[in-house]
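Number of protein chains: 4
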Amino acid sequence: MSNTFGTLFRITDFGESHGAAVGGVIDGCPAGLEIDLDFVNEELRRRAPSHDELSTERHEPDSVKFLSGIRDSKTLGTPIAFLVMNRDVKADSTNNQVIKPSHASFVYMEKYGHEDNYGSGRASARQTVCRVVAGAIAKLLLKRHGIEITSALAAPLRPCPPDDTIGAKVRVSVCGVPTGLGEPVYDKLDARLAYAMLSINAAKGFELGAGFHAADMLGSEYNDRQTSGFKFLSNNDGGVQAGISNGQEIFFTVAFKPIPTFRRPQQTIDFNGQPAVYEGNSRNDRCVYPRVLPVVEAMTALVLADFLLQRNANQI
Amino acid sequence: MSNTFGTLFRITDFGESHGAAVGGVIDGCPAGLEIDLDFVNEELRRRAPSHDELSTERHEPDSVKFLSGIRDSKTLGTPIAFLVMNRDVKADSTNNQVIKPSHASFVYMEKYGHEDNYGSGRASARQTVCRVVAGAIAKLLLKRHGIEITSALAAPLRPCPPDDTIGAKVRVSVCGVPTGLGEPVYDKLDARLAYAMLSINAAKGFELGAGFHAADMLGSEYNDRQTSGFKFLSNNDGGVQAGISNGQEIFFTVAFKPIPTFRRPQQTIDFNGQPAVYEGNSRNDRCVYPRVLPVVEAMTALVLADFLLQRNANQI
Amino acid sequence: MSNTFGTLFRITDFGESHGAAVGGVIDGCPAGLEIDLDFVNEELRRRAPSHDELSTERHEPDSVKFLSGIRDSKTLGTPIAFLVMNRDVKADSTNNQVIKPSHASFVYMEKYGHEDNYGSGRASARQTVCRVVAGAIAKLLLKRHGIEITSALAAPLRPCPPDDTIGAKVRVSVCGVPTGLGEPVYDKLDARLAYAMLSINAAKGFELGAGFHAADMLGSEYNDRQTSGFKFLSNNDGGVQAGISNGQEIFFTVAFKPIPTFRRPQQTIDFNGQPAVYEGNSRNDRCVYPRVLPVVEAMTALVLADFLLQRNANQI
Amino acid sequence: MSNTFGTLFRITDFGESHGAAVGGVIDGCPAGLEIDLDFVNEELRRRAPSHDELSTERHEPDSVKFLSGIRDSKTLGTPIAFLVMNRDVKADSTNNQVIKPSHASFVYMEKYGHEDNYGSGRASARQTVCRVVAGAIAKLLLKRHGIEITSALAAPLRPCPPDDTIGAKVRVSVCGVPTGLGEPVYDKLDARLAYAMLSINAAKGFELGAGFHAADMLGSEYNDRQTSGFKFLSNNDGGVQAGISNGQEIFFTVAFKPIPTFRRPQQTIDFNGQPAVYEGNSRNDRCVYPRVLPVVEAMTALVLADFLLQRNANQI
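Chains as they are written, first to last, in numbering that gives the first Met the number 0: chain A, 0 to 315; chain B, 0 to 315; chain C, 0 to 315; chain D, 0 to 315.
Calculated from the structure, these hints are not laboratory results. Since we're looking at a predicted model, the values are computed, not measured. There could be a bad hint or two in this list.
You can't tell identical chains apart in this list, so a pair holds if it fits in one copy or across any two.
In silico EDC-like links for lysine to aspartate or glutamate, alpha-carbon gap of 16 Å or less [as the list claims (entries may be wrong)]:
no., residue 1, residue 2
1, K142, D35
2, K73, E33
3, K168, E33
4, K168, D215
5, K142, D61
6, K142, E33
7, K64, E41
8, K230, D163
9, K168, E248
10, K230, D71
11, K230, E109
12, K142, D215
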């Protein structure tokens, strides 16, 4: 079940970075939703490397091909399958026997018995193409309900040498969320958001509203009190109380570690446990930012679309 | 589905704070596991209020009653149902028409149409009794596999006045986890842990390993490199790489906001939107710590037990 | 997952026949549904043994106790937990070492390692109490939507000697089902009904509409054609086409084998594989009919309530 | 969720008959399984129309293309995606406005608002291509465990005129199933088989072992008693007792209605409710047999593979 996300609005995806294509099946999207193909491709373009100095220079103009579920630009209510071809399938044979530090090499060997890095293609950032496509469909559904998601750096990036990589902190904001989304107890809205965010490669932390700062606050400083008209006087809770949206802006921050591959040579070992050196190349990104922005937004959209359908279901 | 947690090892629970009992059904626990009833009750005792100055003084000696699934102290492979009676069912009628700030009152009204606080009994901390009982069973399963979970304050608590409450930061550590637990892509081990932690009342943040600090690190500072014998030289990843356990200690931190109810009077509104004052009493805890420790451990245990069974399933 | 039925409207239940109680948790029932307790107990009474000559004479006046999820006779939207106490817990120690033919003894030994019949208490017909309680709640939800379920013998029972048992064939009819319930492909309405019916103890067959007779029909004889006003001219499909309700009466038949326990002595073996004799007593029913009627209706109701909520979810 | 089948071994598929391709994603297949591509294509060939007088004469030499999850003929443990191109996408525009009797036209209009037959492409028999591909992978997994599935007509077909269609009854047999597969209560092995079979287009009935005949048997005639060495003396239960495999041959029968489309003109209505005539052509099959055989076997294989993995999971 590791390759499906969502309960009612669901994405199941596939594809190794070294394969011919990545793609997926979106199930549960209601019939009759207008699909703006340009919007979907624009989301993919936001994820693609630009000439930004932090991102890889590799040319990768992804474009999605829908195989089912859409006719005359409208969803049919049937599963929406899509493919995005992989352009650059030349395997990195030089490094294929080397355990990449803080990456998938070792754990995939332990879990699946793979003895080279081919098998860990599923852990590649290439997989996020699927998240972005599914998220774009979810965003179109949310837009019909007046919900809008944006994201940006939460703090300036620390300067970093050209042969190294840096982490990043991203802030996501969601406006227009009605009250009542989210389920009490286990499927709290914020719990699902944390789940969604930590499922993104390199994510190491999540905080909602005041987040970690809340640990040092007094209740009298923290509480989001309401006044007449049910208006809130503050938003330390980040728009979610008791796991359920309260109608305020939802905002949260996600921390990402530095990308584990960089040009500066690293002492490591190979799959036999022998000393080896691993070095990336100029094609590797130096920070998850800015390419991660459409990914965090996509995962946010998937969570919210799912809860929107669940709220529908809860009618007597 | 909001009241079920887990895929193969699962808890479904129930119970309002104002009802006769809370309880649940644990499904998927293999047959033949020895159940140490004293251990389960000891976990409940850790969750119960002590004479600690931060916790409520209410007398609450919970004890669990198993209704099924165990015979002669061994699991049968059938669902394990349990009940924990509620002692103190006298409803807090004074405050029942008041919207408690940063609590469930408002969102439950919006979601379910409740017009008083009775309906939000499911959001009460009382529900964590169920997590602790299910987590205790999971811990017993994990112990057979050499896995041990501990937790403690991650930083000293900020001093706080007696009529107010404070937040807390808790660090969880798991030793003995074999390599290979967790599923790639969406059901990453750390994603499920984040989900589990944020599902706990008052949790506002989660970070694994170096966590938010990772956002300010260079790749060359951060990476957990391995040397001969596959030995790791550091543990910034907190024991999880690419969503899968790497055999090192798993550790993470959870941030909790101050408990929203305290004795100092708060200006708020009632369910009709009219101004009102809300004040707690001496029975209310002043910090989630220390009672939250068995709860975070229980949720950790549920996540790991689930992945342990999933790893079994993945055999050819 | 073997102890949960349903996707959005779900029952998770527990309890061995030799334990103190059976019970369960109904999750996903919308808030605000009026619960008629008399109706639930009346359904249980229909399941209880009467003075009917085919049913056991044991006194078993079950009554349900709701522990949560209902307040002032209305559902809260929280999980509805219930208990039904077991009256007659005196274990049948005489036969406890004997493998009961065509029963659970052997397979539970093989699956769970049980070496007596205590462990197979979950396979007891006593479990159907839980189905009936959950089904009664589902029926109340369906009634609000004008859906009514009835059942009866589909054919007269074959005469049978007093120390033996007989099978039965039951016909279920559902009126008032709107068009559009059921999901295409795998979660067809009829597929879920078949699943629900075959999950009942002793069920050996299911047929919808013309059923097995359809195998011998020509298309021109079989097809349910429509005329002006979309009116149907026949109902060989039994109210479901392409997995989706078409607004006609839904009807299907379920075949049950004879109850495997009867008074006439049977040659069998014990758990060590040694020859043994097994004989039931006068407390054992001689046919699943009529007590199975509320059970087949309950499972039908659970399937339909689930699809009703799923249809809600599918709104754009 | 209507487009996913299975819990641990899962297929999610997509594709309308009028689209470019059908395909799917198989998730949960363990790593290291040898995939014999010829075998998969041979299964597709069994499903394809032959020169058999009952099947359509349309040329349709399907061949599967795997996009991920397999490398050097072995599964990687990652999702296995596949595509099968549609050859004959020329839409049947003549009949596109006509409600096909006993078909999907009417119910899809009611459920999704489609006003022609394009939208019901998901209900086409073309979808079974996906079942056969996924089932072939499942069969390869089962073969490693010594499990073999076969099927055949259960009774001779009734003669039928050349412009009409006929139903069929198919018997499925599974040999080599170990004891202990299946879960008690709701996920009984036979319940999941009934679910799987009734999810196939045109299926109207399912019976296991003695099936409907069991309704007319006495317990003393029916029971499958065991003798020394736990050997069974009969198999009226069809290899499943209390929902769990008992090590005997598993056999069951599935009834299919006549294919609803045939050449003889049918009086029907169009999507506006006006009288219309519908007639098929020589490309339409006249019976689900023999092409349904690989489909029933595939669904059987999916059920068994799922339970095989679930049994693994249940280890302490």
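Hints and how they fare:
| no. | hint | result |
| --- | --- | --- |
| 1 | K142 <-> D35 | within (12 Å within a copy, 41 Å between copies) |
| 2 | K73 <-> E33 | within (5 Å within a copy, 39 Å between copies) |
| 3 | K168 <-> E33 | neither (33 Å within a copy, 43 Å between copies) |
| 4 | K168 <-> D215 | between (20 Å within a copy, 8 Å between copies) |
| 5 | K142 <-> D61 | neither (24 Å within a copy, 40 Å between copies) |
| 6 | K142 <-> E33 | within (11 Å within a copy, 35 Å between copies) |
| 7 | K64 <-> E41 | within (14 Å within a copy, 29 Å between copies) |
| 8 | K230 <-> D163 | neither (47 Å within a copy, 24 Å between copies) |
| 9 | K168 <-> E248 | neither (19 Å within a copy, 25 Å between copies) |
| 10 | K230 <-> D71 | neither (43 Å within a copy, 31 Å between copies) |
| 11 | K230 <-> E109 | between (53 Å within a copy, 14 Å between copies) |
| 12 | K142 <-> D215 | neither (37 Å within a copy, 34 Å between copies) |
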